[in-house]
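*Asks:* Using the sequences and the accompanying hints, generate a full structural model.
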Amino acid sequence: MINGWELVIGIEIHAQVKSKSKLFSSSSTEFGSGPNSQVSLVDAAMPGMLPVINKFCVEQAVRSGIGLNAKINNKSIFDRKNYFYQDLPQGYQISQFKDPIVGNGFIEIESEGQSKKIGIERLHLEQDAGKSLHDQDPNLTFVDLNRSGIALMEIVSMPDMKSPDEAVEYVKKVRSILRYLDTCDGNMEQGSLRADVNVSVNKPGNDLGTRCEIKNLNSFKYIHSAIIYEAKRQIRLIESGENIIQETRLYNIDSGETRSMRSKEDAHDYRYFPDPDLLPLILEDDWIKKIRSSIPELPDQKKERFIREYSLSEYDSSVIVSDKSTSDYYEKVVKDRNPKLVTTWVTSELFSVLNKKNLSIDESPISPNHLGELIDNIDNGKISSRQAKEIFEEMCETGESANNIINEKGLSQISDEGELEKLVDNVISSNPENVEKYKNGKDKLFGFFVGEAMKLSKGKANPKVLNELLKSKLNT
Amino acid sequence: MKRNLNFIEASSLLEANETTSVELTKIYLDNIKEAKELNCFNTITAEQALDDAEKSDLRRQQGKLKSQFDGIPIGVKDLFCTKNIKTTASSKILSNFVPSYESAVTQKCIDAGLISLGKLNCDEFAMGSTNKTSYYGPVTNPWKSNKSDAKLVPGGSSGGSAAAVAADLCIASLGTDTGGSIRQPASFTGTVGLKPTYGRVSRWGIIAFASSLDQAGPITKTVEDAAALFEIIAGHDPKDSTSSIKENESFFDNLNSSVKGMKIGIPKEFKSDDLPASTQKVWDDCKKLLQNNGAELINISLPHTMDALPTYYIIAPAEASSNLARYDGVKYGIREEGENLIEMYEKTRSVGFGDEVKRRILIGTYVLSSGYYDAYYIKAQKIRSLIKNDFNQAFERVDAILTPSTPSTAFEIENEPNDPVQTYLNDIFTVPINLAGIPAISIPFANDENNLPIGLQLITNSFEEQKLLNIAKNVQDTVNYESVPKNWWQK
Numbered sequence: 006m007i008n009g010w011e012l013v014i015g016i017e018i019h020a021q022v023k024s025k026s027k028l029f030s031s032s033s034t035e036f037g038s039g040p041n042s043q044v045s046l047v048d049a050a051m052p053g054m055l056p057v058i059n060k061f062c063v064e065q066a067v068r069s070g071i072g073l074n075a076k077i078n079n080k081s082i083f084d085r086k087n088y089f090y091q092d093l094p095q096g097y098q099i100s101q102f103k104d105p106i107v108g109n110g111f112i113e114i115e116s117e118g119q120s121k122k123i124g125i126e127r128l129h130l131e132q133d134a135g136k137s138l139h140d141q142d143p144n145l146t147f148v149d150l151n152r153s154g155i156a157l158m159e160i161v162s163m164p165d166m167k168s169p170d171e172a173v174e175y176v177k178k179v180r181s182i183l184r185y186l187d188t189c190d191g192n193m194e195q196g197s198l199r200a201d202v203n204v205s206v207n208k209p210g211n212d213l214g215t216r217c218e219i220k221n222l223n224s225f226k227y228i229h230s231a232i233i234y235e236a237k238r239q240i241r242l243i244e245s246g247e248n249i250i251q252e253t254r255l256y257n258i259d260s261g262e263t264r265s266m267r268s269k270e271d272a273h274d275y276r277y278f279p280d281p282d283l284l285p286l287i288l289e290d291d292w293i294k295k296i297r298s299s300i301p302e303l304p305d306q307k308k309e310r311f312i313r314e315y316s317l318s319e320y321d322s323s324v325i326v327s328d329k330s331t332s333d334y335y336e337k338v339v340k341d342r343n344p345k346l347v348t349t350w351v352t353s354e355l356f357s358v359l360n361k362k363n364l365s366i367d368e369s370p371i372s373p374n375h376l377g378e379l380i381d382n383i384d385n386g387k388i389s390s391r392q393a394k395e396i397f398e399e400m401c402e403t404g405e406s407a408n409n410i411i412n413e414k415g416l417s418q419i420s421d422e423g424e425l426e427k428l429v430d431n432v433i434s435s436n437p438e439n440v441e442k443y444k445n446g447k448d449k450l451f452g453f454f455v456g457e458a459m460k461l462s463k464g465k466a467n468p469k470v471l472n473e474l475l476k477s478k479l480n481t
Numbered sequence: 049m050k051r052n053l054n055f056i057e058a059s060s061l062l063e064a065n066e067t068t069s070v071e072l073t074k075i076y077l078d079n080i081k082e083a084k085e086l087n088c089f090n091t092i093t094a095e096q097a098l099d100d101a102e103k104s105d106l107r108r109q110q111g112k113l114k115s116q117f118d119g120i121p122i123g124v125k126d127l128f129c130t131k132n133i134k135t136t137a138s139s140k141i142l143s144n145f146v147p148s149y150e151s152a153v154t155q156k157c158i159d160a161g162l163i164s165l166g167k168l169n170c171d172e173f174a175m176g177s178t179n180k181t182s183y184y185g186p187v188t189n190p191w192k193s194n195k196s197d198a199k200l201v202p203g204g205s206s207g208g209s210a211a212a213v214a215a216d217l218c219i220a221s222l223g224t225d226t227g228g229s230i231r232q233p234a235s236f237t238g239t240v241g242l243k244p245t246y247g248r249v250s251r252w253g254i255i256a257f258a259s260s261l262d263q264a265g266p267i268t269k270t271v272e273d274a275a276a277l278f279e280i281i282a283g284h285d286p287k288d289s290t291s292s293i294k295e296n297e298s299f300f301d302n303l304n305s306s307v308k309g310m311k312i313g314i315p316k317e318f319k320s321d322d323l324p325a326s327t328q329k330v331w332d333d334c335k336k337l338l339q340n341n342g343a344e345l346i347n348i349s350l351p352h353t354m355d356a357l358p359t360y361y362i363i364a365p366a367e368a369s370s371n372l373a374r375y376d377g378v379k380y381g382i383r384e385e386g387e388n389l390i391e392m393y394e395k396t397r398s399v400g401f402g403d404e405v406k407r408r409i410l411i412g413t414y415v416l417s418s419g420y421y422d423a424y425y426i427k428a429q430k431i432r433s434l435i436k437n438d439f440n441q442a443f444e445r446v447d448a449i450l451t452p453s454t455p456s457t458a459f460e461i462e463n464e465p466n467d468p469v470q471t472y473l474n475d476i477f478t479v480p481i482n483l484a485g486i487p488a489i490s491i492p493f494a495n496d497e498n499n500l501p502i503g504l505q506l507i508t509n510s511f512e513e514q515k516l517l518n519i520a521k522n523v524q525d526t527v528n529y530e531s532v533p534k535n536w537w538q539k
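Keeping their order, the protein sequence lines are chains A and B.
Take the first sequence: its position 214, counting from 1, is numbered 219 in this note's numbering, and each next residue is one higher.
Take the second sequence: its position 16, counting from 1, is numbered 64 in this note's numbering, and each next residue is one higher.
In short, the hints are calculated from the structure, not lab data.
Backbone N, C-alpha and C define an ideal beta-carbon position, used for all residues, glycine too.
One thing to keep in mind: the hints can contain errors.
Derived DEER-like restraints, expressed as beta-carbon distance ranges [said to hold, decoys possible]:
hint, chain 1, residue 1, chain 2, residue 2, range
1, A, Ser265, B, Asn388, 14 to 24 Å
2, B, Tyr420, A, Arg241, 34 to 44 Å
3, B, Met354, A, Phe111, 46 to 56 Å
*Replies:* Spelled out as structure tokens, the structure:
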């Protein structure tokens with residue numbers, strides 16, 4: 006709700022299928038190769054070339070559909086979407102219009118501490134276009150066809166979201182599911198996952214307002230701010246008595262504003278019709294069943310399991326499972342270790358370092374094994390938590406293992422009672438007056454003895470053992 | 049050497065060492081040179097042909113023949129992409145296009161050792177039934193009326209392919225058939241033209257006109273030749289998703305000409321008062337012939353025959369409008385510069401395409417437009433199913449269907465009707481077959497009162513080409529049509 010207006014949001018996500026080759030050709034899909042280095046005769050739409058469906062991409066789409074709790078259609082049809090553009094070599098995009106490969110489904114998101122279902126209308130497969138480069142020459146446009154023909158999944162939600170937060174949660178959740186399924190790498194900066202957001206506003210109880218579509222948002226931040234800007238723009242217009250025009254808008258990341266791209270009247274007539282070069286895509290039930298049985302644990306299930314197995318809080322668990330790499334990292338560390346300790350170290354220390362350095366967990370300077378080692382040293386009392394933090398920082402800087410640092414710096418804690426007893430005896434015999442005063446009731450002096458003993462140990466004494474020894478010696 | 053060698057004769061001569069592939073190739077290159085007036089070839093690849101012929105002769109000496117037809121010169125419709133050889137679809141827009149790849153069909157011919165003499169003229173993007181829409185000018189039919197010296201059309205769109213075989217400029221040729229483009233010109237030139245079952249022959253590397261209808265096939269001098277060349281080019285191709293997974297067959301070896309006990313359907317809808325008396329007579333003669341040879345005639349009905357032409361002229365342009373979108377001046381072919389992208393598109397396509405192609409792109413764009421799609425395209429698809437169903441039902445009762453190939457014989461180049469719909473009527477007997485996806489063959493039967501060839505069309509159910517060829521051979525062997533055009537073009 007903004008100023009008494011309700012928001013209605015629907016989202017189309019374009020997710021690049023994780024696949025070595027393109028949807029209808031065997032060209033590579035690797036990101037960042039030289040321009041036009043991954044273009045087959047089919048991708049360049051040479052005369053007489055024909056598309057042949059990449060079975061793996063179909064499998065990825067089915068896997069994704071299953072992850073979105075959606076109906077997998079046994080028969081789907083590829084259509085041609087016709088329009089002219091320099092980076093669309095065929096003059097049409099092969100897409101799915103009336104009969105998509107995946108039908109209705111849903112996912113659950115967290116909204117205001119509650120779980121909320123967001124409907125999925127459909128998922129279909131389509132080809133990506135090439136890329137136009139306008140900044141290479143003052144008068145010419147260059148075209149890079151490396152992307153031409155790469156498989157995309159378009160995932161269309163129901164208009165079930167009511168706030169920018171929900172919209173972002175939805176995209177995050179879809180992204181998370183796809184990454185768990187390994188069907189899309191979810192890399193938004195590289196454009197592997199982008200969202201078109203439909204926004205309309207209405208007064209509670211009134212009919213839905215006219216919607217506008219904001220194209221091509223490739224970060225959670227932009228999705229959030231574009232929706233807020235767009236909703237406010239629409240509210241301002243309506244409140245000043247104007248009408249909303251149904252149109253496609255673009256979000257300017259510098260100004261934070263949306264501007265009109267084309268209105269509904271200017272919309273292309275895409276002249277969709279079934280692609281006669283491709284037969285209907287028929288999926289056998291047995292094949293779908295086989296894929297279904299290979300679906301890995303998804304975030305919702307994992308969250309429940311982590312709560313159950315590692316006694317994580319609801320919050321910690323959802324933070325950890327929201328990203329597959331994070332949950333994988335966590336599970337590697339927590340195996341055969343104290344979950345409480347592991348959770349603290351992962352969610353507070355590790356996350357804050359990653360945040361500070363703006364790194365993903367895959368880029369973490371500390372491997373799960375190294376972190377585990379550090380935690381082992383804490384757990385068996387070899388080092389204090391204070392030391393552990395120092396070692397942790399050192400690990401971040403150098404990438405060294407905890408054990409190496411402990412050995413090199415001689416940081417390991419003295420827990421050996423015999424050794425500590427010598428220290429304690431030394432402190433007691435060197436400070437007879439204070440021992441006297443302590444015994445006469447000046448309890449506060451206990452800290453003095455601890456300090457002296459620590460000094461002698463160069464800070465390495467295990468405080469717990471030291472305390473116990475001191476107490477027993479002084480109290481006799 | 050004998051004129052008008054066919055595949056079988058040529059291969060026997062080669063086998064008996066009475067000629068060489070180089071000698072044959074030279075003869076045909078000479079024939080082509082003398083027949084410039086017919087305008088059959090867009091590109092003659094003399095050097096390459098002689099080079100290939102030499103290699104074939106070497107293979108023969110070494111006993112390493114690629115097939116029993118190794119070394120035989122053929123012609124290729126300029127719609128098949130040929131590696132390093134200009135491929136234009138007889139369109140200005142591709143007039144400078146040289147593919148870096150070889151079509152599946154021509155690759156199979158290369159693999160069988162056939163020698164390509166060059167690229168044959170055709171209607172622009174295979175759109176037409178006169179060969180007059182070619183950017184390179186019309187092909188002239190080697191046949192002339194005995195009552196006039198006027199030049200006649202060879203039919204189309206594979207006009208060059210048919211005329212070249214009829215004029216003995218190659219031993220056989222490759223054509224494509226979307227609505228009759230092999231059978232109609234075969235009928236106009238006294239040659240044999242086979243349109244295979246949709247999916248039998250790979251479309252990979254053939255410049256697309258209407259993808260759901262296009263099918264490549266041979267144009268030859270005899271039914272045996274058709275069987276032999278068809279066998280060479282047929283077979284599953286994983287690069288064409290619409291290619292049938294059916295095993296290729298030994299069509300040539302398995303040829304037999306018995307029609308005893310076969311049921312031949314005669315569809316009443318093909319009868320018409322407009323049909324020339326000579327065509328009607330030839331049709332009737334063929335019925336009698338088959339009956340005499342032991343076949344049984346059965347009257348059948350194909351109720352949606354008359355709906356086929358309008359259906360075809362919705363579906364084919366619809367697909368063409370989309371298939372031809374790639375010719376936009378961006379990647380290959382000619383480009384007319386403009387102030388901006390849209391202007392470049394408009395200029396390139398205005399200059400690059402001829403009138404008939406533009407007409408079909410416009411029709412196709414129209415019938416696919418929102419608001420018209422259901423009324424035209426969807427309706428046409430429904431009728432297409434009904435047509436297919438007509439044939440399915442007929443083939444429950446009969447082995448094959450016999451009809452005329454075309455409503456008339458070849459007409460004058462200068463005398464084409466102004467109304468394109470009149471020209472479209474040329475295909476009235478052939479388009480239902482493409483819509484149904486089934487095979488059909490046109491074979492010459494007799495000449496009309498003007499001494500122009502009349503072809504008859506035999507049709508069978510999908511993948512029954514063997515039966516089709518067998519019946520055709522029976523007719524051919526019985527009627528013994530041996531007419532060839534007078535070689536008036538040779539000086």
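*Asks:* Against each hint, give a clear statement of whether it holds in the structure.
*Replies:* Right, here's what the structure says about each hint:
1. Ser265/A to Asn388/B: 14 to 24 Å: holds (20 Å)
2. Tyr420/B to Arg241/A: 34 to 44 Å: Taking Cβ atoms as reference, Tyr420/B and Arg241/A lie about 40 Å apart, which means the hint holds.
3. Met354/B to Phe111/A: 46 to 56 Å: holds (51 Å)
Of the numbered hints stated above, none is contradicted by the structure.
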